[in-house]
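Participant: Add chains B and C to chain A, keeping to what the hints say.
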Amino acid sequence: MEAKEVLDELKTVLVSRLKFDPRRAAETTESTPLPKGIEGSIGLDSLDFIELSIAIEERFGIALDENQDLSEHFASFDTLSRFIAGKLPSA
Amino acid sequence: MKSVVITGLGAVSPYGAGLVAYWKGLAAGVCTIRDLTLIETEGFRCRIGAEVPGTPAGSARRTRADRLAIAAAAEALADAGLGARDCRAAALVVGAVGGGMLEAEAWYWRGAREGARPASVRAVRAMLPSAHAETLSSRLGLGGPRHTVVTACSSGAVALAEAAELIADGVVDVAVAGGVDAITRICFMGFNALKILDPAPCRPFDQERRGMSIGEGAGFLVLESQARARARRARVYATLAGHGMTTDAFHVTAPEPEGDGMVRAMTAALRVAGAAPAEVQYANAHGTGTPQNDRIEARALARVFGEGGLLVSSAKSMIGHTMAAAGSLEAIATVLALEHGVVPPTANLVTPDGDVPFDCVPRVSRAAPLTCAISNSFGFGGQNVTLLFRRGVA
Amino acid sequence: MTTRSGVAITGVGVVSAAVTGDSAALGAFLAAPVAPPDTAFGAGALAALVDPDEARRLSRVCQLTVTAARLALRESGLERDAALGLVVGTEFGDLGSTHAFADGFLARGPAGLSALLFPNTVMNTMIATTAIAVGAREMALTLNAPTVAGELAVARATAAVASGRVPAVLVGGVDELDSVVEHELRRLGLAGERRGEGAAFLVLEPRATAHARGATVLGEVSAAAWRALRSRPWGVGRARRSQAIEAVLRAAGAQPGDVGWVYASASDDEPRDRWEEAVLGAALPGGPPVSSLGRLLGRHAGLGVLRVAAAAWTARSGLLPVVNGTAHVARVRPGRGLVHGLARGGAHVALLVDAA
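Protein chains in written order, with the working numbering: chain A, 1 to 91; chain B, 1001 to 1394; chain C, 2001 to 2356.
This is chain A alone, in the form it adopts within the complex (with noise of 0.2 Å):
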């Protein structure tokens, strides 16, 4: 799966679990920051990370340790989808 299809994945995610408006998602573009706080971000929180971790687990199929700091792969679209793109087995 190309990172850009899991954008798309990620997107579906935000109208199904995290109830965005699908205008809303539509808007999101791959640098979109995801925290919330950050100037231009879709507002996530940690409740809300929570959540979009176990949608990714479902969706993708792979287990993210909620022991280790990933904030780094959750700081955008872009670095959240490489992050699983790498995580999935290569097509």
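Hints are not guaranteed to be accurate.
Stated by the list, open to error - With a straight-line Cα cutoff of 30 Å, these simulated BS3-like cross-link-like pairs (lysine-lysine) come out:
no.	chain 1	residue 1	chain 2	residue 2
1	A	K19	A	K36
2	B	K1195	A	K11
3	A	K19	A	K4
4	A	K87	A	K36
5	A	K87	A	K19
6	A	K4	B	K1195
7	A	K36	A	K4
8	A	K11	A	K87
9	A	K36	A	K11
10	B	K1195	A	K19
11	A	K87	B	K1195
12	A	K4	A	K87
13	A	K36	B	K1195
By construction, these hints were calculated from the structure, which means they are not laboratory data.
Facilitator: This is chains B and C only, laid out in the frame that chain A set:
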């Protein structure tokens, strides 16, 4: 304001029914967290918790939580030496979260898996947290003010603070108050989903802690005005000298990082009790074992009492987080620590966390002549409570 | 609990199928009451009241709560982050989120669980989100009771203000109609009563404080008490003597004849309604006119709080909306009245309400 004393205690805990089993287990540092049997755990990362052993006494028509509550409240009344006449005007305050959810879930699951649910008034009515209070007041003949408080994980402690206010304000002379929860699928699944359950028994204040363990039980206390207790020459365990209730208004699950709400709850309890921080020798911590809670609670304790200013331990290391019962079971542990001059330990604590500047009484209980102690309880939604007890009649 | 107090009502916020707004909107509705065809609150109506960014993380019942709380706070003139306590009464809490949470697991196993929904499965979720929305940092209590949760919340909040422990309290009641509960009650033949949904809030503070800051006082809760009448769980009892009414009359130094009118908790649950009539008849032998808004708005915890706001309006106006088949407005003696609630299982509340 009238002085409020504790004259009766009752507990059903993962050590079994009764106060004696509860204190014996705590003082010996026995951890009761093991594989869960009440609910299915297949497919979950954490599959353990602290269950009350055996089948709780009482009619199987009652929910498990109702049976736990009846046993603990009846024990507290008997311990206080109170009879039916004393109960007629007594207040009842119950802290509850899950209500009869364990049974309601079985009923709901059946509908989802078999396509049909039997019509059940119990599933709708006994599910509510308020059902415990209705059962208790009907069963024990309690006819005074009655209410049920839901403040998530601090509910049991809030119930005691509420009862104390009713007595302090002169509304009643006697109150039965406490908290109860049975293990439920919702609770187990929810904390798993939040990824804050340790797959191994929880290790509060340990460097390697990975989260909490769930538990169940019921703890009830009899509170009386000191004047009434003296008039009837009742045994007085302790004085509930102060309490503080505050709200973080910060986040639905995360505690405020500086512990401001916790600090305000502790300082309010000190102010109401007229106590100086240096008088408090022991804190029965909320101590869930999550990385976040224990770090922030330690910070808040240090802000109020100074680093190393008192002994700290967590009963959750032994009986898990008993949810709405936690605040009242841990208040009982605090009262008994004062009574016996023994601080129950923090089990499973092997490598103390450098960010926790307190002696957390690892694994083995400690003899310590105590005169003043607090019990902290914090809940989701930033619901903070501190209870301050003094030994005997203060 | 008994409280003799000078506790002023300085703000009202109501969100319901029939009326949404502050004390003026409620007064206009009560002066010409019309039962809404449906007691459910429409989805579009709610969306218009809540900011979409905020709504993403608020369940429906939390949206009802936060909206009503803000309306009341705005009318009171108190600012965000004021030293405020919160008390919220509810019968069912956020049962909708609880079903959704369980359904996720039942459909897809552990991966179908939602971390976002889990905090909503605990009944304090409405108070947690409201505390954040208005910056309330004092004590925050969620009270659970059938039928009288709203009245109970006002009684508890009155005690908190009267004792001086909290400078002011934002107190409310809220419930939403839940499809599973409604289905079960119908199956059990218990759907005879009119049930509804919505939220209502009041701001309570000491009369002296309200006057000092120049706030408009809409009415006063002069005394409040709650007790348990003997009953089996979820049952209708036979006890008629009301310790709660006796307690509020005693606290206010009043006689039964001083109660000019009553808002009761009738909602067409006939055995329960008859029990309440018997209790009121024994306590108030003069038989003052009784209104219940239950037939108008449907029973829910918000209605219990709305009744207290309505009582303040009746105390001012001498008008009492009566619903007996059709709704009309009766003239009553202005001034002191009683708000009374009695639930199956015996939870029982009395509140004396006066004009400012």
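Participant: A separate judgement is required for each hint: does it hold in the structure or not?
Facilitator: Quick rundown of the hints versus the structure:
For the proposed pair K19(A) and K36(A), the alpha carbon gap of about 16 Å is at most 30 Å, so the pair holds. Taking the CA atoms of K1195(B) and K11(A), the gap is near 23 Å; set against the 30 Å cutoff, the hint holds. Between the alpha carbons of K19(A) and K4(A) the distance comes to roughly 22 Å, so the proposed pair stays at or under 30 Å and holds. Restraint check for K87(A) and K36(A): satisfied, since their Cα atoms lie roughly 25 Å apart, inside the 30 Å limit.
For the suggested pair K87(A) and K19(A), the alpha carbons sit about 26 Å apart, so the restraint of at most 30 Å is met. As the CA atoms of K4(A) and K1195(B) are separated by approximately 28 Å, the hinted pair is consistent with the 30 Å bound. Of the supplied pair hints, the one linking K36(A) and K4(A) holds, its CA atoms being roughly 23 Å apart against a limit of 30 Å. Taking the CA atoms of K11(A) and K87(A), the gap is near 19 Å; set against the 30 Å cutoff, the hint holds.
A threshold of 30 Å between alpha carbons decides the hint, and for K36(A) with K11(A) the separation of about 17 Å falls inside it, so the pair holds. Under the criterion of a C-alpha separation no larger than 30 Å, the hint pairing K1195(B) with K19(A) is consistent with the structure, at around 20 Å. About 20 Å separates the Cα atoms of K87(A) and K1195(B), which keeps this hinted pair within 30 Å; it holds. For the hint pairing K4(A) with K87(A), the CA-to-CA distance comes to about 15 Å; that is within 30 Å, so the pair holds.
A hinted pair counts as satisfied when its Cα atoms are at most 30 Å apart, and K36(A) with K1195(B) qualifies at roughly 21 Å.
Violation of the numbered hints given earlier is absent; every hint is satisfied by the structure.
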